[in-house]
Amino acid sequence: MLARKISFGKWRAKPYLAADAIRADAVTGCLRTRDDTLSFWSCEDTPDDLDQVFLALATGSSVSRFETMDIVLIAEADLDDAGVVTEANEGDTAVEDLKARHIDLVYLDLDKLAALARIIAARVRVLHARRTAGQLRRLVEDAVVVGRLRPELLNPELGDRLRARGTPD
Amino acid sequence: MDRPLRTIQQQDIDSLDSEARRFRRQLVAALEEDPIEDGVSHPAERLIEQAFCDDADRARGWLSDALSAISPVRPGTAASLLRCIGRIDYAQTGAWGLGVAADALRHGDPEVRDAAIRALESWGGNDCLVMLRGHHDPEAWLRSYVEQVTLDLSAATP
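These protein sequence lines are chains A and C, in that order. For the first sequence, our numbering gives the first residue as 1, with consecutive numbering after it. For the second sequence, our numbering gives the first residue as 170, with consecutive numbering after it.
Among the hints, a few may not be true.
Stated by the list, open to error - Here are some chain C residues pointing at chain A (derived, C-beta under 10 angstroms): (1) E206; (2) D207; (3) A248; (4) G255; (5) R282; (6) E308; (7) Y314.
Simulated from the structure, these hints should not be mistaken for laboratory data. What you are looking at is a predicted structure, and each value in this text was computed from that prediction instead of being measured. Note that CB positions come from ideal geometry on N, CA and C, so glycine has one too.
Modelling step: build the complete structure from the supplied sequences, incorporating the hints.
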């Protein structure tokens, strides 16, 4: 399976759109490409493995605070059916052993992006995973305790927040 | 199908003084330019921080006015603004922030209510916990979110 961070609320139906319509905000907000690529993480559909994706995302270089996150899981077979090409690239995470889990969807065009949006919309209706700020903090703390993560590799602001345990994020 | 109003009323913006008008326009432009990304700072935060730095009471007033004007017509933008407000230190938002969150929890759009819950989660503490415990959301995913945040905050609140 492949996981991507999304804003779940943007994938919910709106009264001014048809029930099965995909909101433009969902596409422009959650599927914003760079160089025609989109970032995903490889994982199994189990709570523990989903936690590893959340850990990777929560320790990205631009993440400066613990905040509730949502991810959606999609099947690689669905991407194959849509003709989407994947490429393994090192992920932006401070957890070394998670970097290799990162996958880019590459050479995306409008048709493939629309196909991907339909795949995500169908999946989100069935399942999405959310971890709260508190849960993410615990995942990061645990990774530090077991030696998987060196706090000095975190975004400096996030590192400060990690040290200031018990204060609001 | 219901259609939302598509524009913020021009007369609402015209009624503001020039500084408030500039602040609102810059804020809305920043929020509409870039989506809010979980955990990642947003350019609109700098505008809000500067406004609080210049005059915190005035900033709270400007933000309340902006939310009142934006919420009915652009709930997505209102949710983004709430996300930024939720990132302000609770020492700055205090009772005003709780009022903003309380109003947002009554909003018809789940994205706005989600942003309100996120703000309460970010501020933490007993007042936010009490407000969350009193909120029963019509959406199952938000009820589940409130439940987990309540557990998190209960564990962290003495």
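Each hint tested on the structure:
1. Interface hint at E206/C: satisfied, since its Cβ lies 8 angstroms from the closest Cβ of chain A, which is below the 10 angstroms cut-off.
2. For D207/C, the shortest C-beta to C-beta distance to chain A is roughly 5 angstroms, which falls under 10 angstroms, so the interface hint holds.
3. About 7 angstroms separates the beta-carbon of A248/C from the nearest beta-carbon of chain A, less than 10 angstroms, and the hint is met.
4. For G255/C, the interface hint holds, since its Cβ comes within 10 angstroms of a Cβ in chain A; the closest pair sits about 9 angstroms apart.
5. Nearest Cβ of chain A to the Cβ of R282/C: about 9 angstroms, under the 10 angstroms cut. The hint holds.
6. The restraint placing E308/C at the interface with chain A holds, with a minimum CB-CB distance near 8 angstroms, inside the 10 angstroms limit.
7. Because the closest C-beta pair between Y314/C and chain A is about 6 angstroms apart, less than 10 angstroms, the hint holds.
Hint compliance for this structure: no hint is broken.
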